[in-house]
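Novice: Please model the entire structure based on the sequences and the hints provided.
In order, the protein sequence lines correspond to chains A and B. One point on numbering: in the working numbering, the residue at position 217 of the first sequence is 217, and numbering is uninterrupted. One point on numbering: in the working numbering, the residue at position 460 of the second sequence is 460, and numbering is uninterrupted.
Computed spacing ranges between beta-carbons, pair by pair:
no.: 1; chain 1: A; residue 1: P24; chain 2: B; residue 2: N74; range: 15 to 23 Å
no.: 2; chain 1: A; residue 1: V18; chain 2: B; residue 2: Y418; range: 42 to 50 Å
no.: 3; chain 1: A; residue 1: K176; chain 2: B; residue 2: L123; range: 47 to 55 Å
Straight-line C-alpha distance at most 27 Å; calculated DSS-like pairs for lysine-lysine:
no.: 4; chain 1: A; residue 1: K53; chain 2: B; residue 2: K310
no.: 5; chain 1: B; residue 1: K335; chain 2: A; residue 2: K55
no.: 6; chain 1: A; residue 1: K56; chain 2: B; residue 2: K335
no.: 7; chain 1: A; residue 1: K59; chain 2: B; residue 2: K310
no.: 8; chain 1: B; residue 1: K310; chain 2: A; residue 2: K55
no.: 9; chain 1: A; residue 1: K56; chain 2: B; residue 2: K310
Since the hints were made in silico from the structure, they are not lab data. Glycine residues also receive a C-beta, built at the ideal position from the N, C-alpha and C atoms.
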Amino acid sequence: MAELRALVGVKRVIDYAVKIRVKPDKTGVVTDGVKHSMNPFCEIAVEEAVRLKEKKLVKEVIAVSCGPKQCQETLRTALAMGADRGIHVEVPESEAERLGPLQVSRVLTALAQKEKAGLVLLGKQAIDDDCNQTGQMTAAMLDWPQGTFASKLTLEGDKVTVEREIDGGLETIRLKLPAVVTADLRLNEPRYATLPNIMDYEAARALGGHESQPPSSPVCGPPAFACSSLPLYLQLVPIGTRTCFLSSSNHDFPS
Amino acid sequence: MAGQLRGAARILSSWRSYCSKGQQEKVSADFVEALKAVVGEPNVSTAGVVLEQHGHDESMHRCSPPDAVVWPQNVEQVSRLAALCYDHRIPIIPFGTGTGLEGGVNAIKGGICFNLTRMDRILDLSVDDFSVTVEPGVTRKALNSYLRDTGLWFPVDPGADASLCGMAATGASGTNAVRYGTMLENVVNLEVVLADGQILHTSGQGRRFQKSSAGYNLTGLFVGSEGTLGLITTATLRLHGIPEATTAVVCAFPSLQAAVDSTVQIIQSGLPVARIEFLDDVMIDACNKYSGLTNAVTPTLFLEFHGSQKLLEEQVQRAEQIVRQNGSSHFAWSKDPEERSRLWTARHNAWYAALALRPGCKGYSTDVCVPISRLPEIMVQAKKDLKAFGLTGALVGHVGDGNFHCILVFNSEDADEYRRVMEFVEQLGRNALATNGTCTGEHGIGLGKRQLLKEEIGPVGIEIMRQIKSVLDPKNLMNPGKVL
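Specialist: Structure (structure tokens):
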């Protein structure tokens, strides 16, 4: 489908090679000064989306990340890998700890509808919390079919065939688009970000710049089903052959 | 009487089947306590299995365990430990990942093994300046994984996932050397602890420039010194941009001559090939069996090109012309990362694949490097000699540099086979020297090639090397018995 838009969620986590250390006051793990990078399963999801775009089956790849300012680094990597646009949903650092699959799936649901995405690609789980819930919750909220633990993905017309890795072996299912797919390890081998692509993004940043505003209301309000307005919605875009604008705006998302 | 005693001692020592101790234990309990006082009790070990593990590398040289192993955590501890060993005249053996191929870590005169891998920080990464500083515990794969989202990589890739400081110590090289150079070209600065504990920064502390004309090239002196001049505690490396696009090519040839001729022509035509690896039929067969591949069992070249999309198409076309002229029957290429990964993993596992041809046997890899124009003749000769000596061997190598390895697999208990292996190796070494080449392109001298080094460098050169060694290590404590 040449009109298909893919929304890819990317999470910034502590790099997989780092030796995790517990804080002395036992309230969590040490994150200051520790190397962070894109969740490995999210890398695989981005890679799959970019490959679909290269095969001309997907028109646009939009990367999304929720969290504090540093998430823009993760989005930058996604852009350098070949995503067309990056959306940073900013959550202040004080509240970022309470950001979990429920809140993130609400964001993705709202964005998928807003951006008219036909395919939501996520990593199967994050390596810091191992929740393995966001993809499934997002599909439920959108009322879309889901293909989780994908080790092979084939787009054919308005259907997607997903080969899933399950306990007993492999299961092949066919889903009607729009659908949510979560990536497992053997789906592909992600490419490395190359200098020319990184430089493209840096040039755009230097030229355009963008502003953040402090949140006007808490992101993760009362628990359960209320998630009030998300304060900030930034778009990051590289210069060059792809689109070339930067914008920021406040949006209310449905709760 | 003395002769009879010596004879008796020889018989006794040959009964110790696996490990051989060079000398009497010279390390007292007090000394071990002194070591513990510096690094802490959990970071010193005299346990038998630990000593054995640190007494050998991946080569066939017999295990020679040290008297104790220490794990320092920072350069100050390394310095104090070295000073301690210096005062007591106890040998010092640096140890990284133990993946060397020339017996460089075997403690043939006993001593203290400094396992430096607990020092594993990546420091001073400067993406703008393409440089990074690493401690000995950082391996090449760990560094490249760390760098993956910066657009940079460190291209020197010997088969093993070796410690980068260890690679600096042995002057390592890899499949990418033909385009990106070896460790010698990619190490900018080293922090070295000398035998007496002094800390030396070979290019000046903290300096990381692209080039310099300042004074004598101390960095170059320590790269390839194999732990005989000092302990490398950090290395500042030159990084390169990750290539925009990569294409891997496999071509099969009817004969070794055709494959090597193609290599020479590709290099001489100025194609900026990133990797050009040769595997002979024995090696391809071994790799097929070990890695589950299905390549045709015939001399084969694996090539890789790096660059922008347009450039790649042009380069692949030109390469195809050259190899077809030399009779290549099968030319397949792939841009797919999974495919390329599989291909290169198979090549990097060549050592283990060859060993798997005869399980239970040891392996010995020759490492000669000759001028490209003489490469075909020496490889053809090597293949003939393998047959003549009746040995199991596979030829594999970085033919773009004129460097190839003959991996010999032999039963170390069979004295006759061992003798034939040694004869073959010496013959090959001497053939290489006769073509103005070197007896070791990348593995180092270690224990086994000291005689060849003398023949290669000549008496004046060897004497100069000895004098340099005696200045930096007057008591001959730094990895004694290696190189010189």
